[in-house]
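All chains should be modelled from the sequences, with the hints used to inform the complete structure.
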Amino acid sequence: MPCSSAGAARFARRLAERNRTGGARAIKRNVAICLAAGWLGYAVLPWYGVGRDGILALAWLATYPDAASAPALVQALAHGRAWLLPIGLALALPLATLTLPREHPAFGRLLVAGGALGLIFAAIAGFGIINSGPRWGWVAAMFGDARQPGFGVGAVITVGALVMLFANGIAARGNFRGDAFIAGSLTVIVALIAMFVAFPVAGVLLSAVQDADGNFTIQRFVERILADNVWGLGCIAGGTSCGVAWNTIFLGILAAVFSTALGLAFALIATRTTFRWKKGLRVLTILPIITPPFVISLALIILFGRTGIVTGWLGVLFDIPRSRWLYGLPGVLIAQVLSFTPVAFMVLIGVVEGISPSLEEASQTLGAKAAKTFRTVTWPLMRPGIASALLLGFVESLADFGNPLVLGGNYEVLSTQIYFAIVGAAYDPGRAAMLAVVLLFFTLGAFWVQNRWLGETSYVTVTGKGDAGLTAALPRGVRWLCYATALPWAVFTLTIYGIILVGGFVHDMGRGDMTFTWRHYLTAFQVEQTGHGLFFSGSAWQSFFTTIQVSAIAAPLTAAIGLLTAWLLARQRFAGRRAFEFATMMSFAIPGTVIGVAYIVAFNVPPIEITGTGMILVICFVFRNMPVGTRAGLAALAQIDKSLDEASLTLGGRSATTLFRVVLPLLRPAIVATLVFSFVHAMTAVSAIIFLVSARYNMATAYIGSRVEAGEYALAIAYSSVLIVVMLLSILLIQFAVGQRKLGRRAPAVSLGTA
Amino acid sequence: MRTIAILAMLAAFLIAPGLARAQGEVVVYCSVLVDWCNLMSQEFTRATGIRVVLTQKGSGETFAQIRAEANNPRGDVWWGGTGDPHLQAAEANLTEEYRSPALPRLHDWAQRQAQQSGFRTVGIYAGALGFTYNTQALARGRMPEPRCWRDLLQPAFRGEVQMSNPPSSGTAYTALATLVQLWGEEEAFNYLRQLHRQINQYTRSGPAPSRNAARGETTVGIMFLHDAVAEAIEGAPLRVVAPCEGTGYEIGSMSIIRGGPNRENARRWYEFALTPAAQALAVRAKSYQIPSHRDAPVPEQAPRLADIRLIDYDFARYGTTAERNRLIQRWEREVGSQPR
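Note that the protein sequences, when read in sequence, are chains A and B. Each residue of the first sequence is one higher than the one before, counting from 1 in the working numbering. Each residue of the second sequence is one higher than the one before, counting from 1001 in the working numbering.
Treat the hints with care, as some may be off.
[What the hints assert, rightly or not] Derived SDA-like pairs: lysine to any residue, alpha-carbon spacing no greater than 20 angstroms straight-line:
hint : chain 1 : residue 1 : chain 2 : residue 2
1    : B       : Lys1286   : B       : Leu1310
2    : A       : Lys642    : A       : Gly614
3    : A       : Lys642    : A       : Arg577
4    : B       : Lys1286   : A       : Arg577
5    : B       : Lys1286   : A       : Lys642
6    : B       : Lys1286   : A       : Asp508
Note that these hints are calculated values from the structure, not bench results.
In structure tokens form, the structure reads like this:
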């Protein structure tokens, strides 16, 4: 029996009251914490970086507070760095709020003003003066020939506190329904993206329209972008090769279509059939994604190269002449489809699993045949997943670097051209930046097309209502189509991995010397027992340890930021949401080579001076892989009915509680996908990090790349197989640690019994 | 159980050792084959106790990295790789002037390299340019044995020749500059235009054609002879050819990076690398270049410069950035972008 309308109104009022006072308490507490942290960073901790050993080494304590280790307050007053003073004044403004009630209009205003002013002053202080002197004339006029090193832990904490004060101020003024958690996470994500995506990339894109002296010339840009080697259509007219832009699009479309089709076939087999080795199929399809890119290309060369194993057989059996067909579009396409099919599979399997069986049951109850149900119910519901998979495939193909590098031959694509424009003897960052603009344009185009295709249709299938249906079986035709495409590919994939497995244990597979040896593994991973403990003397150990560390740190950060972004995008309404979504997808669209160069240029000078550290690798991975978390989260959230969130909110849960108690458990597949992807991608990415690795922090892929470069295929393969094993173990561990979401589905035993 | 798994994961990356930092270290950017890099750094540590932090990258990539890090150098020494990018780095003031006491004991060509750069770089080894062919592939395709640059233009070699890409590889630029000095610029570009039709692929790195020829992925490869010699000694069916018309050579170089973090240790590496003993290590790492110290033993497998018709390579002119960019741009315009 529903209660009376007056009762309902009273109940709602009471709820609102509870929410507001709860929120108010939270904001007051937040502000106190932020102020404490801000002043700790400003007045106690060293403002600048304290040398190579880092803050945890505590060596800075010995000379504290000298010009190197002093906090900002001391720097400004005692060490002549007056430009740090305004930050402290801005940080003092919000102190006044401690005495004000939260409802007071000045409360929010003070927080917003203090936070914003502090951030502006910090930006001026940071960017205005670098280690070789002031950057802008008016800064030089104010402070003379001032210098400063890169910002350190004190600055990071203070800036973080300023951002949070600002966010709480916005919330206190009534935005975001007064929810400090939403305001805070949104502001933090925006600030991070601005710092680590927009700022470096803007720097590189600027150079597309600059000449060597830094003057702006649109004419040069237009000249470059219209050049024949970018847009030429010689391959259609005959004779010459096509422009690099067309090559890239063509390869991207082919790779996206093939990998999505195969991924869908695998996903349908894994979820909708009684195929005997389904479990094995799942493992098989994640194999390529955990493989360093060079290795697939190497295995393809060993199989199909001019002196390859298969090429040899074909020559003997069918008298097919040895040719170099692999080097170029065919080889790169095969390698890319091998690499991207699992990504499509991972995206699609979540979607196919999430489709509500009750819709399909309804269709069948209404008398539709299996084929019709599939065509009119299942297929349309898979569309967001398919669009995501296509977009991912296309974008990954555009950004892929390792495969075109090894197998591209004379088929030039944008990513390798950008790389050559930067590392080649003909150093031309302007051309690289121009090509990057073209690449960016393509990626955003794909994004736009995907949005158009999906439109505003509802794809909600996971609702709060009990949903205990049984998934429909595939129509026979579709089933056989899936088998016919997926299974040969599975066999092919197995062969490739067979090569990788064997290649490390024999002397030289490429030359047909198949005698067994341990020497490649020993070269890479030898451990010696010496007088003072174990000595990791193998040449691969250093890069191996760095890789594991960097990946393990980056993966959870990526998942956290990516999924939080997805939740904000899918569940919160705020001004500039589209722009926010666009910004979060940016770093995925920008080719790794450009990100790499952008990072090294942007972060080699104060205030953020982190080139040559492990931190820059972690940051690079987090912001490059974050969009995958966002995409996975968005796809999963599109299936979870908003009424679940609303139920939680109505019951008085705050947004943070709702996120952690209701949404996150349902997002487990997306969490797993993101953790796995970012961990694995950090271990297998190459294009961005090839610029960022340093002697001290070398990464496995960079090391393998140089082995390929040196022609040591066997060593490269041996190292790669070790990485594969490590990644497999970690994936199992991640899946075990996060677990599966529990949806109320009926066990299939019932139907099997009656069938 | 799940908590244990999470703890195990945390432990996994915390335990992964942040390798102990010795007091002294030197950061070396190494642009020769990795075996040689590793052997050199091991022996240096054995001799001095200084830990070596090593990065192996091609000379083009290393040059790009040093240029990008110019404001805040991370490396100390750049050891190995074709001399031209070292000369460019000197020209761009990225490397530091240093006169080693060992300088008078070096071969003339190594000293000349130092003088040309204002003593910002020095020669550590030399190697001649040429080509190699895979004897099995040659026999299978019934192709004639090539002996001269001109032989590569024969119709039989259409699509059978590989060389590295001048915009990305120091080796290919050496080839370009060699032909220009051999025949004059017009004639050289005429030749390159005809050679373009014979090329199956312009590889990114200099030694790649010799490796691909060793595997039979291409029949002929244009590269530095010592790269092919190393493959042949490994058992590849390769024959190494010093072209009859004459050929150019590289001077592998070493530079100290300006403003690097460990200046003293950089100099100790520099001195160590110029000792005969250190230069003799190359053979153990299967690198067969001619060492620059007069007292260092010349590996017997190394292609003898005395047996090769060497041109009088003008490093001063062809090592400048301007000349290099001009030739490469002309090559891209007239050769690289043309149909085959």
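The hints, checked one at a time:
no.	hint	in the structure
1	B:Lys1286 to B:Leu1310	violated, 24 angstroms
2	A:Lys642 to A:Gly614	violated, 40 angstroms
3	A:Lys642 to A:Arg577	holds, 18 angstroms
4	B:Lys1286 to A:Arg577	violated, 60 angstroms
5	B:Lys1286 to A:Lys642	violated, 66 angstroms
6	B:Lys1286 to A:Asp508	holds, 17 angstroms
In summary, the structure is inconsistent with hints 1, 2, 4, 5 from the numbered list given earlier, while agreeing with the others.
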